[in-house]
Amino acid sequence: MDGLAWRQFKAILRKDIVMELRTREMVTSMGLYAILTMVVYQVALSEAGASLDVRLVMPGLIWVAFIFMSLLGLNRSFVHEKDQGCIEALLLAPIDRPVIFFSKFTGNLLFLLVVEVLSLPVFSFLFLQEQQGIANPVWMVGLVLLGASIGISGVGTLLATISVNTSGRDIMLAVLFVPLMYPLLRAAVGATFAAVIGGPASAALFWGWMAWVAAFDVIMLLVAFALYEFVIGA
Amino acid sequence: MKRRPIAEVMLALGGLITTAAFFMAFLWAPATVYPDGRINFSQKIFYFHVPVAEASFLVFFFTAFYGVRFLMTKDRRYDVMARVATEVTLFFVLLTMATGILWTRVEWGVWWQWEPRLTTYFIMTLLVIGYFVLRNSVEDDEKRATYAAAFGILAFIDAPISFFITRWVESIHPVVLAGGESSGLEPPMLITFIIAQVGMLMLGYAFYQMRLREEELHERLEALKISIGG
Amino acid sequence: MEGAGRDTALEVRDLSRAFGVRKALDGVSLEVPSGAFLSIFGPNGAGKTTLVKVLTTLLNPTSGAASVCGLDVVAEAVALRHRIGLISHNPLLYPDLTAEENLLFFADLYGVQDAEERARELLEAVELDHRRLDLTRTFSRGMLQRLSIARALLHRPDVLFLDEPYSGLDPHAMDILDHLIAQIRGEHTFVMISHDLDKGLQLCSHALILASGRVVLYEERDALDEAAFKETYRATVGMGVA
Amino acid sequence: MGDIYREVLPQAPYVIGAYGLIWAFMIGFVATVFSRLRRLEKEIAVVEAAVKRREKAEA
Numbered sequence: 001m002d003g004l005a006w007r008q009f010k011a012i013l014r015k016d017i018v019m020e021l022r023t024r025e026m027v028t029s030m031g032l033y034a035i036l037t038m039v040v041y042q043v044a045l046s047e048a049g050a051s052l053d054v055r056l057v058m059p060g061l062i063w064v065a066f067i068f069m070s071l072l073g074l075n076r077s078f079v080h081e082k083d084q085g086c087i088e089a090l091l092l093a094p095i096d097r098p099v100i101f102f103s104k105f106t107g108n109l110l111f112l113l114v115v116e117v118l119s120l121p122v123f124s125f126l127f128l129q130e131q132q133g134i135a136n137p138v139w140m141v142g143l144v145l146l147g148a149s150i151g152i153s154g155v156g157t158l159l160a161t162i163s164v165n166t167s168g169r170d171i172m173l174a175v176l177f178v179p180l181m182y183p184l185l186r187a188a189v190g191a192t193f194a195a196v197i198g199g200p201a202s203a204a205l206f207w208g209w210m211a212w213v214a215a216f217d218v219i220m221l222l223v224a225f226a227l228y229e230f231v232i233g234a
Numbered sequence: 001m002k003r004r005p006i007a008e009v010m011l012a013l014g015g016l017i018t019t020a021a022f023f024m025a026f027l028w029a030p031a032t033v034y035p036d037g038r039i040n041f042s043q044k045i046f047y048f049h050v051p052v053a054e055a056s057f058l059v060f061f062f063t064a065f066y067g068v069r070f071l072m073t074k075d076r077r078y079d080v081m082a083r084v085a086t087e088v089t090l091f092f093v094l095l096t097m098a099t100g101i102l103w104t105r106v107e108w109g110v111w112w113q114w115e116p117r118l119t120t121y122f123i124m125t126l127l128v129i130g131y132f133v134l135r136n137s138v139e140d141d142e143k144r145a146t147y148a149a150a151f152g153i154l155a156f157i158d159a160p161i162s163f164f165i166t167r168w169v170e171s172i173h174p175v176v177l178a179g180g181e182s183s184g185l186e187p188p189m190l191i192t193f194i195i196a197q198v199g200m201l202m203l204g205y206a207f208y209q210m211r212l213r214e215e216e217l218h219e220r221l222e223a224l225k226i227s228i229g230g
Numbered sequence: 001m002e003g004a005g006r007d008t009a010l011e012v013r014d015l016s017r018a019f020g021v022r023k024a025l026d027g028v029s030l031e032v033p034s035g036a037f038l039s040i041f042g043p044n045g046a047g048k049t050t051l052v053k054v055l056t057t058l059l060n061p062t063s064g065a066a067s068v069c070g071l072d073v074v075a076e077a078v079a080l081r082h083r084i085g086l087i088s089h090n091p092l093l094y095p096d097l098t099a100e101e102n103l104l105f106f107a108d109l110y111g112v113q114d115a116e117e118r119a120r121e122l123l124e125a126v127e128l129d130h131r132r133l134d135l136t137r138t139f140s141r142g143m144l145q146r147l148s149i150a151r152a153l154l155h156r157p158d159v160l161f162l163d164e165p166y167s168g169l170d171p172h173a174m175d176i177l178d179h180l181i182a183q184i185r186g187e188h189t190f191v192m193i194s195h196d197l198d199k200g201l202q203l204c205s206h207a208l209i210l211a212s213g214r215v216v217l218y219e220e221r222d223a224l225d226e227a228a229f230k231e232t233y234r235a236t237v238g239m240g241v242a
Numbered sequence: 001m002g003d004i005y006r007e008v009l010p011q012a013p014y015v016i017g018a019y020g021l022i023w024a025f026m027i028g029f030v031a032t033v034f035s036r037l038r039r040l041e042k043e044i045a046v047v048e049a050a051v052k053r054r055e056k057a058e059a
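Chains as they are written, first to last, in this note's numbering: chain X, 1 to 234; chain L, 1 to 230; chain B, 1 to 242; chain Y, 1 to 59.
The shape of chain X in the complex, shown without the other chains (with noise of 0.2 Å):
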């Protein structure tokens, strides 16, 4: 039984990159998204000068950007489940329904980090200059990256399913999803803020930061995978 698990685990898993390859749906239009954020925040800061340190705003900037842009991919990938009713078959099958939550969590969970790594050195092209590095080790950030995008994977895929069986799916997804990621978001911006500033204390409080994002990902990812049996079979 465990043998079956694990191919269906891949099989929907591989389905779901194989289609992403092919309609380039999710990762294209996160990326757009990500960039036309850029330009809309160089419009934002435009006012402010050369007397802004852009180090200072720059980790709240990238998680705005992420957290709208996991919106768009998150509601694109239950869409095609719904769309043919492909669900349907899809619960028909023989599969424990935890697999279904963790091989479309590992799908979302990929997409988001692809825009995210190839988005990040864009970003900081366009809005630091040379001799404004990243204060810490670069892998810092990127486990910050991939920490709370656990989160928002997680939690993103068990709503993603249930806003797609609403009405007005769009704005349902962000109206459940920013406010349950707060706690989330917030020490998302501050480990990113530590690792980016570095200072005497920065790696203190880059840990802290990060054992609440921790933290974060056990209890949703916990709650969401216990909850997605019932959501799914609704």
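Since the hints were derived computationally from the structure, they do not count as laboratory data. We put the beta carbon where it would ideally sit given N, CA and C, even for glycine. Among the hints, a few may not be true.
Here's a subset of chain Y near chain L, in silico, CB distances under 8 Å, partners left out [as the list claims (entries may be wrong)]:
no. : residue
1   : A18
2   : Y19
3   : I22
4   : F25
5   : M26
6   : F29
7   : V30
8   : V33
9   : R36
10  : L37
11  : E41
12  : E43
13  : I44
14  : V47
15  : E48
16  : V51
Simulated coverage check for chain X against chain B, where a stretch passes if three residues somewhere in it have a Cβ under 8 Å from a Cβ of chain B [to be verified]:
no. : segment
17  : 17-29
18  : 86-94
Please arrange chains L, B and Y on chain X, whose structure you already have, making use of the hints.
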């Protein structure tokens, strides 16, 4: 039918007790003073603001609790209970927000301040509102109930965060129920506060039961109409 | 295959499904022998879809019991899912996968052993082997329906559920579907929801009329007086839809 | 005494506002729920009477 008198007794009792607490707050509990000796009259808001806030957390717990019960049993009554509990939560949340805003205006000189307690409580308000937005956009009864239960459980996770945040991180919001010497309440103040709290919880229970009874009557009416129609 | 020895394919006892005051199914009981073709008729909101959803383990009953191929729909749901297939009016296929990829995907979900061979074999049977590398996005309605039959047969189910499979098909596609069903008729038990009285009667060996969640009529085709049956059916359409 | 008024008065509107809001909300809530309850009970009585009449007519 038996629940109805209990709800009404609770309503009357809660009304009486909170009214008593109201008079105690202004006539008996000593006024606090600022360090420079001026009287801090705005502190009186605390006697109702905090009980209302605590009540909102407590009632919100029942949203999650009945959400779990619903998912376990798929019994529609638990969905109704969870929804009514969330309605009462929304009621208390709005009152907390309104009284809190008035207090911060006096005390901090601003209507709103993005500090941890206010921010997390604001998030909780959004979640409670989101719960109803979600309910309104699902057609099917059972789907609506299931989604609302799931979201109610997720949303409740924010309540303890909001409750404990003033103890975890630096915040300018006063920590009242810290216990020990840091709470700094003189006995008459503490007693007044506790009485207001008890009365408020009774009112919360009465509100919940009254709304639940309304829903039950509604259901009975529907059933009667269906029995006639068939 | 294991179910071949059993003579009862479906067994439904006093099945009810309710949410609050609304009852989608209200004390439905019936027994369908193996190899039969059951057509379910009834007005909108009669509980046809709910009954099929309970039998296919997508919904749990509120009370009563049901079993398919001797497997209980609640307790043995996972084992039961291996034995049933669904052909719906939706093709239930991914438009951005090729015909073959679609079949292989569902073969993986069901743990089909000889997946590629089986997919090839079924593609030939539904005469789509020349299109197997094309995205199903490019398929016509009729082709999609043929492919969805192949999808439903992948794991060699004993019982096939048909949810208004003819709706939205052009006459030519209907003929092909008729032909395909006739081909596999002997090997499976069929349960079909139908709005089309003539089509449903023409195919079935057993006919069931549901209204307001209750069984109005359940009879074998051979014992059926067609005129009286149609009269009963018309009477139900006017019945209250709760 | 004059001191007290000078200190208390600027804050008074906010305190009165807070308590006023709470009382108004609560009384409003109770009043609307009670009026809806009464209407429902009336409606149920009407429908129940209709049910009884039908049962009698059928019997």
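Margin query: Does the closest beta carbon of chain L sit nearer than 8 Å to the beta carbon of F29 (chain Y)?
Written below: holds, 6 Å
Margin query: Given a cut of 8 Å on the nearest C-beta pair, is the interface hint for E43 (chain Y) held or broken against chain L?
Written below: Where the cut-off is 8 Å and the nearest Cβ of chain L is about 6 Å from E43 (chain Y), the hint holds.
Margin query: Does the closest beta carbon of chain L sit nearer than 8 Å to the beta carbon of A18 (chain Y)?
Written below: holds, 4 Å
Next item on the list: Report holds or violated for the interface hint on E48 (chain Y), using the least CB-CB distance to chain L and a cut-off of 8 Å.
Entry: holds, 7 Å
Notebook entry, point to check: Are at least 3 residues of the segment 17-29 of chain X within less than 8 Å of chain B when you compare beta carbons?
Noted result: holds (count 4)
Check: Taking 8 Å as the limit, does the beta-carbon of I44 (chain Y) come near enough to a beta-carbon in chain L?
Finding: Constraint on I44 (chain Y) satisfied, holds at 5 Å.
Check: Given I22 (chain Y) was flagged as interface, is its beta-carbon under 8 Å from a beta-carbon of chain L?
Finding: holds, 5 Å
Margin query: Does the closest beta carbon of chain L sit nearer than 8 Å to the beta carbon of F25 (chain Y)?
Written below: Status holds, d = 6 Å.
Checklist line | Restraint satisfaction for L37 (chain Y) [CB to CB of chain L, less than 8 Å] | finding: holds, 6 Å
Checklist line | Per-residue hint verdict: E41 (chain Y), partner chain L, C-beta under 8 Å | finding: Check passed: Cβ of E41 (chain Y) comes within 7 Å of chain L, closer than 8 Å.
Notebook entry, point to check: Taking the least C-beta to C-beta distance, is R36 (chain Y) closer than 8 Å to chain L?
Noted result: Holds: closest Cβ of chain L sits about 6 Å from R36 (chain Y), inside 8 Å.
Notebook entry, point to check: Taking 8 Å as the limit, does the beta-carbon of M26 (chain Y) come near enough to a beta-carbon in chain L?
Noted result: holds, 7 Å
Hint compliance for this structure: every hint is met.
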